[in-house]
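J.: Chain by chain, the residues:
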Amino acid sequence: MDNTVLLGVWLAVGLTLFMYSFLYKDNVFFRFGEHVYLGISIGYIIVRVIFNNFINDLYKPLVEDRDYILIIPALMGLALYTRFFTRIAWVSRVIFAFIVGFGAGLGIPRTIAGGIFKQLEGVLMPLAAIKDGFFFNADGNFTLVNINSLIIIVGITSVLVYFFFSVEHKGVVKSVSRVGIYFVMIAFGASFGYTVMGRMSLLIGRCYDLIEFSSPKYYYASIVLLIMLILVFIIYEVVIKKGEVLKTNE
Amino acid sequence: MTSEPKFHIIRWVIFALVALAIIIPVIVSEKIKLPDTSSRVVKNIYDKIESLPAGSPIILSIDFDPSSDEELRPMTMAILRHVFRKKLRVIGMTIWSPQSSGLMGDIFTTAAKMENKQDGLDYVIMPFKPGGSSVILNLSQDIFFTYPKDYKDKSTKELPVLKGIRTLKDMKYAMCISAGNAVDVWIVYGKEKGKMPLGAGCTAVMATDYYPYLQSGQLVGLMGGIGAAAQYESLIGEKGIATERMKPQTVVHSLIIILIVVGNIVYFTRRRKG
Chain A
1 MDNTVLLGVW LAVGLTLFMY SFLYKDNVFF RFGEHVYLGI SIGYIIVRVI
51 FNNFINDLYK PLVEDRDYIL IIPALMGLAL YTRFFTRIAW VSRVIFAFIV
101 GFGAGLGIPR TIAGGIFKQL EGVLMPLAAI KDGFFFNADG NFTLVNINSL
151 IIIVGITSVL VYFFFSVEHK GVVKSVSRVG IYFVMIAFGA SFGYTVMGRM
201 SLLIGRCYDL IEFSSPKYYY ASIVLLIMLI LVFIIYEVVI KKGEVLKTNE
Chain B
1 MTSEPKFHII RWVIFALVAL AIIIPVIVSE KIKLPDTSSR VVKNIYDKIE
51 SLPAGSPIIL SIDFDPSSDE ELRPMTMAIL RHVFRKKLRV IGMTIWSPQS
101 SGLMGDIFTT AAKMENKQDG LDYVIMPFKP GGSSVILNLS QDIFFTYPKD
151 YKDKSTKELP VLKGIRTLKD MKYAMCISAG NAVDVWIVYG KEKGKMPLGA
201 GCTAVMATDY YPYLQSGQLV GLMGGIGAAA QYESLIGEKG IATERMKPQT
251 VVHSLIIILI VVGNIVYFTR RRKG
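As they're listed, the protein sequences go chains A and B. Just so we're aligned: the first sequence equals residues 1 to 250 in this note's numbering. Just so we're aligned: the second sequence equals residues 1 to 274 in this note's numbering.
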């Protein structure tokens, strides 16, 4: 086996175990793993942005293709850093205003069209299309689409009532908001179920790797490193901590 | 105060049970058989891809980074293998993070090797461009202006895979596999501008957020987490890592349900006792 692959396996196993050592308690190995992960991520992102975006999208077109129009966005980008200099910090605010204005102009109409109107359409259209009966579609076949829409309408209304605090929750409002709570609970339950699945997938993925890397092919990487980690914790807890306690007593 | 050590032990017992619930099914994996099922929302994506004629261009937006790799790679692999078998032309891109493009390169290369496909001819990987929604809006005007060069620094105009394609409207299908809000961006900007059918894959945590888009027809289908990936593998007849991982997943889910029930019984019993 290639030595670089082997080194990668041992590193992966070591860092995975370092991260899981947090189950025992916050410790130096966990922090090391955490910092390595963050450092590598940020380093990788910086390198990619420099080569993919700065060099390919700005430097090369500007220097090689003489595309001078790119000077404008480049200067605007640089102007954001003027906020570090008190005297000319106002320049960055102009650029931020441009960014916010551009973002809002781009986002608001599309979000309203795609996020609100389309959603309303999706809920109301099946109900508006009822012609031949609630449980039957235009071809006379049984359908549950209308029931879905009805449930969604009841759900949205009751949840909105539940979160509407300008009116005291009593009488009809209380009953409707009670229905709203059930809808919220059902939604939270579904989210929780999916969350468990997601988190367990990540754990299972790592366990698969740890089990695979405990084979002789990888020189028992998982087993060796797990034993070493446990030994270090035992030595720290029993020998060093005990020594510290004895010193304090003396 | 007296109950604290007890809870400390219970915590460790739960950790041990979860570990066993994962390790044992992994070891005896071959003996566990799970039924082949697929939900309507996952099958809709499969049916959509099946309905596309060979050579149709599609976009696959890989919007996740290594932290979600374990969960989203299986579904990406299953989708890619399916579209490669259907001889569709795939444009791989990302609006999420510079980390995604490296990950995408690895996933595409692996799937292409399995299905014997060539970079530039059957698929192309585009580099990461910052801007998110602006990138999608640019695509709706001109793909070659947005991506003059591919991930390997080749001029996109010379790539056979992009022949006859100019804008997002030329796409026959788009799919966003995301660990963040990229699906929202694709729905609001991509779907509205390109008018092509849009499918989504996401981490399980986010799946419930996207169900409303199915009712409104903004998404043709939805794949949430490893469960959906296993269903897709079953649909394409290629049982892979997702199917394998569903075995410990099923056991650990059952354990969690039991723990929730036990926890509730203990809670209500204690409350009754005061």
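It is possible that some hints are incorrect.
As the list claims (entries may be wrong) - Over the 12 Å line for every Cβ pair with chain A, so calculated as not near, a few chain B residues:
no., residue
1, R11
2, I22
3, S51
4, P74
5, S101
6, K113
7, K129
8, K163
9, K191
10, E238
11, A242
12, K247
13, V262
Said to hold, decoys possible - Derived pair list, reagent style DSSO-like, types lysine-lysine, alpha-carbon separation capped at 27 Å:
no., chain 1, residue 1, chain 2, residue 2
14, B, K193, A, K118
15, A, K118, B, K273
16, B, K239, B, K193
17, B, K154, A, K60
18, B, K113, A, K118
19, A, K217, B, K43
20, B, K31, B, K87
21, B, K239, B, K273
22, A, K60, B, K195
23, A, K242, A, K25
24, B, K193, A, K60
25, B, K48, A, K118
26, B, K149, A, K217
27, B, K149, A, K60
Honestly, the hints are just simulated from the structure, not real lab data. Just so it is clear, CB atoms sit at the ideal spot from N, CA and C, and this is done for glycine as well.
J.: For every hint, state whether the structure bears it out.
T.: Right, here's what the structure says about each hint:
no.: 1; hint: R11; verdict: violated, 9 Å
no.: 2; hint: I22; verdict: violated, 5 Å
no.: 3; hint: S51; verdict: holds, 22 Å
no.: 4; hint: P74; verdict: violated, 9 Å
no.: 5; hint: S101; verdict: violated, 7 Å
no.: 6; hint: K113; verdict: holds, 17 Å
no.: 7; hint: K129; verdict: violated, 7 Å
no.: 8; hint: K163; verdict: holds, 23 Å
no.: 9; hint: K191; verdict: violated, 7 Å
no.: 10; hint: E238; verdict: holds, 18 Å
no.: 11; hint: A242; verdict: violated, 9 Å
no.: 12; hint: K247; verdict: violated, 9 Å
no.: 13; hint: V262; verdict: holds, 16 Å
no.: 14; hint: K193/B <-> K118/A; verdict: holds, 14 Å
no.: 15; hint: K118/A <-> K273/B; verdict: violated, 52 Å
no.: 16; hint: K239/B <-> K193/B; verdict: violated, 36 Å
no.: 17; hint: K154/B <-> K60/A; verdict: holds, 14 Å
no.: 18; hint: K113/B <-> K118/A; verdict: violated, 40 Å
no.: 19; hint: K217/A <-> K43/B; verdict: violated, 39 Å
no.: 20; hint: K31/B <-> K87/B; verdict: violated, 35 Å
no.: 21; hint: K239/B <-> K273/B; verdict: violated, 51 Å
no.: 22; hint: K60/A <-> K195/B; verdict: violated, 34 Å
no.: 23; hint: K242/A <-> K25/A; verdict: holds, 18 Å
no.: 24; hint: K193/B <-> K60/A; verdict: violated, 30 Å
no.: 25; hint: K48/B <-> K118/A; verdict: holds, 21 Å
no.: 26; hint: K149/B <-> K217/A; verdict: violated, 41 Å
no.: 27; hint: K149/B <-> K60/A; verdict: holds, 12 Å
When held up to the earlier numbered hints, the structure conflicts with 1, 2, 4, 5, 7, 9, 11, 12, 15, 16, 18, 19, 20, 21, 22, 24 and 26 and fits the remainder.
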